[in-house]
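Whole structure, please, built from the sequences with the hints as guidance.
Going by my numbering, 166 is the number at position 166 of the sequence shown; the sequence numbering is gapless.
No lab work stands behind these hints, which were simulated from the structure alone. C-beta atoms are modelled at their ideal positions from N, C-alpha and C, and glycine is treated no differently. There could be a bad hint or two in this list.
Claimed, not checked - Dumping the calculated DSS-like pairs for lysine-lysine here, alpha-carbon to alpha-carbon at most 30 Å:
1. 71 - 199
2. 25 - 49
3. 199 - 223
4. 71 - 223
Said to hold, decoys possible - Per label pair, the in silico range of CB-to-CB distance:
5. 235 - 95: 40 to 48 Å
6. 240 - 148: 30 to 38 Å
7. 39 - 216: 51 to 59 Å
8. 119 - 166: 20 to 28 Å
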Amino acid sequence: MVLEILANLGSAGVTEIAAELGVHKSTVSRLIAVLEARGFVEQLSERGKYRLGFTLVRLAGSTSAQMDLAKESQAICDRLAEDSGETTNVAILDGDRIINIVESYSDREVTLRTWVGQNCPAHATSSGKALLSGLTREELGALLGEQDLEVFTPNTIASTEALAAELDEVRHTGWASVREELEEGLHAVAAPIHSSSGKIVAAISLSAPAYRLKTEDFDAAAKLTMAAAEQISRRLGYLR
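Now the structure itself:
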């Protein structure tokens, strides 16, 4: 609310902000101190006046980058769905979960349906595994902790240690998969998408009913998916 007030007023002092919020000035002073320390607000040369800080520009740039990712991914995601005849998604990592930002469906009568904005546990999805493969073991442990992972089916990976071992294989092959780990009857493969710096910033996946995407078909599906991931990565400026 403090940030919204400063955005509306352009600049304001503690007294003005306190009046807008209906709280004591000491409360606003503490809030301002925290925001200023993080760069969300900055003090003007005019004593006691504050305005929005540069940190917001950096965060806005991050949002813009995600929008660019979605824009650059859509056509390739559509083509992968057309070539494979299956549902495709592009997802990003948000904590220990993934969020779908792009999706495309095949024209098959039986097709999987998701939606942009849906989030799922990273450890039980192919996209999540592809994204987590960009973390070190220390980062993975810090993110997921040492407790048992949430189990959704008898095939779900239940420990961080077992997941770390599978991620080693993902780094080696360049693609990840799930075999009925989030939902029974659902198989999927995914490949990581890299930014210009080489960092894994997203993953593109291909999902299908298990009776249609059998485990023996994973290699062929992964080849298509990795090619799509490489095309998106190149559009983002990544050179292998």
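Each hint, compared with the structure:
| no. | hint | verdict |
| --- | --- | --- |
| 1 | 71 - 199 | holds, 19 Å |
| 2 | 25 - 49 | holds, 14 Å |
| 3 | 199 - 223 | holds, 21 Å |
| 4 | 71 - 223 | holds, 23 Å |
| 5 | 235 - 95: 40 to 48 Å | violated, 26 Å |
| 6 | 240 - 148: 30 to 38 Å | holds, 37 Å |
| 7 | 39 - 216: 51 to 59 Å | holds, 53 Å |
| 8 | 119 - 166: 20 to 28 Å | holds, 21 Å |
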